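> So the chains spell out like this:
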Amino acid sequence: AVSQVTVRDALNQALDEELERDERVFLLGEEVAQYDGAYKISRGLWKKYGDKRVIDTPISEMGFAGIAVGAAMAGLRPVCEFMTFNFSMQAIDQVINSAAKSCYMSAGSISVPIVFRGPNGASAGVAAQHSQCFAAWYGHCPGLKVVSPWSSEDAKGLLKASIRDDNPVVMLESELLYGVPFEMSEQAQSKEFVIPIGKAKIERPGTHVTLVAHSRPVGHCIEAAAVLSKEGVECEVINLRTIRPMDIEAVEASVVKTNHLVTVEGGWPQFGVGAEICARIMEGPAFNYLDAPAVRVTGADVPMPYAKILEDNSIPQVKDIVFAVKKALNI
Amino acid sequence: TKEELIDLYTKMTTMRRMEQAADALYKQKMIRGFCHLAIGQEAVSVGMEAAIDGDDRVITSYRCHTFAVLRGGTIKGVIAELMGRVDGMSFGKGGSMHIFTPSFFGGNGIVGAQVPVGAGISLAQKYLKQKSCTFALYGDGASNQGQVFEAYNMAKLWNLPCVFVCENNKYGMGTSAERSSQNTAFFTRGDQIPGLQVNAMDILAVKRACQWAKEWTTSGKGPLVMEMVTYRYGGHSMSDPGTTYRTRDEVQQMRAQHDAIAGLKKYITEWGVADEAQLKAIDKAAKEEVDVAVEEAKKSPFPDLKEFWTDIY
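Going line by line, the protein sequences match chains A and B.
Using the numbering used here, read the first sequence as starting at 1 and increasing by one per residue.
Using the numbering used here, read the second sequence as starting at 1 and increasing by one per residue.
Since the hints were made in silico from the structure, they are not lab data.
Take the hints with a grain of salt, since some may be wrong.
[As the list claims (entries may be wrong)] Below 25 Å or equal to it, Euclidean Cα-Cα: the simulated BS3-like pairs (lysine-lysine) are:
#: 1; chain 1: B; residue 1: LYS156; chain 2: A; residue 2: LYS47
#: 2; chain 1: B; residue 1: LYS129; chain 2: A; residue 2: LYS52
#: 3; chain 1: B; residue 1: LYS2; chain 2: B; residue 2: LYS170
#: 4; chain 1: B; residue 1: LYS156; chain 2: A; residue 2: LYS52
Values in this document were obtained by computation on a predicted structure and should not be read as measured data.
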């Protein structure tokens, strides 16, 4: 039967199922065990699986990320949680140089089946040092897979896929989505439900413009599409699901159909996900089908301010997406 | 045993020859980029290998060529890798700093990063209930990296079978240990982790210490810190002559009075295990072995362009 399941519960289910399925899978991070997780994603898991499988670490990101990488190289399948991806900056050398590059540098003799996961990007009122989006940073690096779920189905399916993937995977969640319920089909609730990494999903078909987003902005795009529909503009909303390897073919196929492109992301504009999509569209067959330049909707190019009125204006809102669509369509 | 002593001598001599061959190849521009040689430090890798087995794990920094051979690699494989050839142990895609074997995790370029990774390998050993340990090596320079202390803390907290080995060759690139470290007794820097200092110019001391360390860590007593006091005759790497921050006298004195190979030779001859002539024969054989490996490595081709896109999903 179809159920309403929050993203948090979907992630929890995924972790529980994968811990049960494979003895080599274990979770480590700050407060993941006895505290049930800073954001309660790992609720109940320590009680069920114990100290060996769910490990509380000291506040030592670089150290425990490195330890997790070593464990992965030596045959285990760690899930390394960063309380937020802002803190992953302290450990980023381990993610990139020890994890991402090892398979290539060793010509395949070393494999690092690790998942780095945690909340990414904007939250609510946590200010500049706790609100950065790392999609572009990690998406830049060969050897790394980067996923960014929106719905509960995305969260569960992608986390399971990431854990089962033999490559290092960075999973960028959203704290603001953790408590949001989404419909989950019976199939999505099953233990074998896995979403392929590297495949985007069309959340809403449309004909006039292609909206591409990842994570929370996907929801804003759907809302914007509803607003625009009343004005006779039908948006096709694409949920990227994976940042790297990006499913640019899905975007191309859509642009060929709609002739207009608007990208939406929470991260900063320069050198970002939207910039990458635009560049690739220009380089590919879809360019000739564009009737207007692509438009990017991004987070404001400032460190995230604290005051609510400033913060609200720092991330894409529905009105910004509507404005961008109208700009692209010249209406 | 006599055979063991001869074997230790043979291995150290061969490893030194290999590193010297790499030096020559670099000067002929057949090796590019970074090349960090362990000439003078042979007792550490050879002595450690004699004390441990194939289930134990070793990880170190970029001064890794000798470890790569001893842990199941080949001289030809290492030399070919340095020259970027297809017969290299990483098929030419890694280079000097990224050479691996099933029991050796490199070969790591970022100073200190290998230490938490090593602790992680020991975590896996404990998790999988293996009766083995991991030797995570780093230098006197790397010992000041914050992540080393993070690794110490977690290894001790979780009782991991990790031997943290500080290869103290007195210099971190051009900076002497006294100029980089407020506390140069590197074996004490593990705080609550017991530490041992070893004269690593004496291979028998190295072997004994590593045996003891393996015993300690695999019997559930948790991690250990071991400082191997050694010396490199060459510079930090091939780009460093090694003479601007230390005197030639110092280098010559170390070679004359503390050389590990000469030291073992002294034991061997004094104890009547073998005579000068036999040892000279070993020296000659070592040179030949390395020369042959170098010639074979030279014949190996560069990787095909299609290898560009392999080993990446």
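> Go through the numbered hints given earlier and state which of them the structure violates, listing their numbers in rising order.
As far as the earlier hints go, only 3 is violated by this structure.
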